[in-house]
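Line by line, the protein sequences are chains A and B. Numbering-wise, my numbering comes out as the position in the first sequence, counting from 1, plus 36. Numbering-wise, my numbering comes out as the position in the second sequence, counting from 1, plus 125.
Since the hints were derived computationally from the structure, they do not count as laboratory data. For glycine and all other residues, C-beta sits at the position ideal for the given N, C-alpha and C. A portion of the hints provided could be inaccurate.
With a straight-line cut-off of 25 angstroms between C-alpha atoms, the simulated DMTMM-like cross-links for lysine to aspartate or glutamate are [what the hints assert, rightly or not]:
1. B:LYS411 <-> A:GLU107
2. B:LYS258 <-> A:GLU107
3. B:LYS135 <-> A:GLU107
4. B:LYS128 <-> A:ASP161
Chain B residues, not near chain A, derived (Cβ > 12 angstroms throughout) [claimed, not checked]:
5. GLY133
6. LEU141
7. ARG155
8. ILE171
9. ILE207
10. ILE238
11. TYR347
12. ALA361
13. SER383
14. ILE386
15. ALA389
16. GLU418
17. THR440
Spelled out, the chains give:
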Amino acid sequence: MSKMKEKKRNEVWEQMWGDGLGRAGIILLALILVISIIGPILFPFDAKDVGTSAAQIMEAPSAEHILGTDEMGRDVFRELLLGARVSLFVGLTATAISILVGALVGLISGFYSGFMSNMLMRITDFFIALPVLPMIIVLAAVFGQSITITIAVIGLTSWPSTARIIRSQVVSIRERQYIERIRALGAKDSRIIMIHILPNVLPLIYANTVLVIAGSILSEATLAFLGLGDPVSVSWGTMLHYAFVTGAAGRGAWWYLVPPGIGIVLVVLAFTLIGHTLDKIMNPRLREY
Amino acid sequence: MSKLKYIGKKLMQLILTLYAIITFNFILFRIMPGDPIRLLARSGAISAESIARIKELFGLDQPMWMQYFIYLKNIVTGQFGISMTYRQPVSSIIAERMANTVTLLAVATVMIIIIGIGTGIVAAMRRGSRLDKTFVVASMVGWSLPTFWTGLLMIVVFGVFLKIFPISGILTPGMQYATYSQVIMDYAKHLVMPTIALIIVDMAQFFLITRSTLVDVLTEDYMLTAKGKGLSPKKALWRHAMPNAMLPIITTLALYVSLVIGGAIQVETVFSFPGMGKLMYDAVLKRDYPILEASFFLMAAVTVTANFISDIFYTIIDPRVKDI
Numbered sequence: 037m038s039k040m041k042e043k044k045r046n047e048v049w050e051q052m053w054g055d056g057l058g059r060a061g062i063i064l065l066a067l068i069l070v071i072s073i074i075g076p077i078l079f080p081f082d083a084k085d086v087g088t089s090a091a092q093i094m095e096a097p098s099a100e101h102i103l104g105t106d107e108m109g110r111d112v113f114r115e116l117l118l119g120a121r122v123s124l125f126v127g128l129t130a131t132a133i134s135i136l137v138g139a140l141v142g143l144i145s146g147f148y149s150g151f152m153s154n155m156l157m158r159i160t161d162f163f164i165a166l167p168v169l170p171m172i173i174v175l176a177a178v179f180g181q182s183i184t185i186t187i188a189v190i191g192l193t194s195w196p197s198t199a200r201i202i203r204s205q206v207v208s209i210r211e212r213q214y215i216e217r218i219r220a221l222g223a224k225d226s227r228i229i230m231i232h233i234l235p236n237v238l239p240l241i242y243a244n245t246v247l248v249i250a251g252s253i254l255s256e257a258t259l260a261f262l263g264l265g266d267p268v269s270v271s272w273g274t275m276l277h278y279a280f281v282t283g284a285a286g287r288g289a290w291w292y293l294v295p296p297g298i299g300i301v302l303v304v305l306a307f308t309l310i311g312h313t314l315d316k317i318m319n320p321r322l323r324e325y
Numbered sequence: 126m127s128k129l130k131y132i133g134k135k136l137m138q139l140i141l142t143l144y145a146i147i148t149f150n151f152i153l154f155r156i157m158p159g160d161p162i163r164l165l166a167r168s169g170a171i172s173a174e175s176i177a178r179i180k181e182l183f184g185l186d187q188p189m190w191m192q193y194f195i196y197l198k199n200i201v202t203g204q205f206g207i208s209m210t211y212r213q214p215v216s217s218i219i220a221e222r223m224a225n226t227v228t229l230l231a232v233a234t235v236m237i238i239i240i241g242i243g244t245g246i247v248a249a250m251r252r253g254s255r256l257d258k259t260f261v262v263a264s265m266v267g268w269s270l271p272t273f274w275t276g277l278l279m280i281v282v283f284g285v286f287l288k289i290f291p292i293s294g295i296l297t298p299g300m301q302y303a304t305y306s307q308v309i310m311d312y313a314k315h316l317v318m319p320t321i322a323l324i325i326v327d328m329a330q331f332f333l334i335t336r337s338t339l340v341d342v343l344t345e346d347y348m349l350t351a352k353g354k355g356l357s358p359k360k361a362l363w364r365h366a367m368p369n370a371m372l373p374i375i376t377t378l379a380l381y382v383s384l385v386i387g388g389a390i391q392v393e394t395v396f397s398f399p400g401m402g403k404l405m406y407d408a409v410l411k412r413d414y415p416i417l418e419a420s421f422f423l424m425a426a427v428t429v430t431a432n433f434i435s436d437i438f439y440t441i442i443d444p445r446v447k448d449i
């Protein structure tokens, strides 16, 4: 079984690399990961290294500050490198929560039928119908500003799509004969779910997961931009928040506005490209194009 | 189940969902940390009499279940309480802002649907061509753009450096108008940049869904039949392919509404456009909970209603949904 899986994994990888957009996504992501790990070590950002005169505030790029300075006279380039970490960290952890909750809800509501399972489905349908951004704004405004809350809010609002995909697949597997036979042999429900159902369901959500990461990173940036991020940690979203509220746009301080945005676009684009290619590979109906 | 019965069932579901949203709101804004009286008084130094008076005024002295029923009654009759910052009824503040947002979203949505579906058709008809590939990559880049940042960039480029379009508000402050058409022109000018920002970011969804469903449909046997009958590609597209591709596009509309409401919050914030989105942003900054609560309720209500309408549309035009 493991050999077959290995072969399949190689196949997926080959197809991913063979697809122009997929390869672009992989290279982009690898580049961003390397930069976010090494960047802040080579060019550490000191939040207390503020400007001492008005001329050092939102200063245009120069040899000393290759991307100029921010509203407190700090180096935008170094800030940018550090910001990559928070954006990626929040995106990945929020996705982990989202997938965990989505998988759990999908498995339980798909495997069992009855009141509990019905309720879970109703809750999924309820949350899927709500507008995402207004909901995370309200939750973040009510519960306060910290990285933990940002992660929780994004993770706990983005799971319904995962739950739905998993549920519909579990329902179709549940009725198959081999499950019936395993049950007749006396296997416990938890064993059936973990060993016989989960492995058949997971490949379906790979693409979805990668796209959820992209969405979570965008959500974090938007929340932070609207002033609902952790005020002390540096992320691309908080940089843009401070740039906006201190009037960088009106002053034409493009060096403070453009780089963090490009950072967000490149990370989200990398995950989007990978996600769409994965979807094409995993979903044979679309494979032709 | 007949179509009518199905629609009735969906309507019941809509009402239940709206009720659930109201309850969700009630719970959410009452479990939040902090004391509403402190928040309202904006100070810790407040006498016991004042506290009692505020409690009575806002019905906070009633038991929780009573507060819940009063809350339900108020929402149904369109009363959302009093804003903490404007000290005015929330409903009248929202009424002032609503028209601007509706105008912005209506203009943007019409353009997004036309351009999104149009480019989707072009790409699907020339699948694999350079044009198709360019469109696909462009749509993924558009999809990855944060809406607020797109707006900020446009302000820097077109507002500050090129000075082509105004960067904030809906009317130029202090401008004297001679005729109504001048007012409309000024309003339209202020709409250009927020609308374009929304189009760039939110068009991708329509493009991608149109393209992929059309590509699917175009390979069906009946399209070959249509070709065999001697129909021109154009006629075959409009008579046979598009009606079949419409269903997934209609389903997308519901998702789109949720997306574009989020987009409106962002562009209105960036362009200081006095609509519902900007109202919500200001309410976040000032922690004006009654406004936040009402804006969220309205946005959620619009989204679930859009879902309902797209469901109904789907039922009406899909000939297969006769008996479910």
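Item to check | Structure versus earlier hints - violations, ascending order | outcome: Violated hints (numbers, rising): 2, 3, 6, 7, 13, 14, 15 and 16; every other hint is consistent with the structure.
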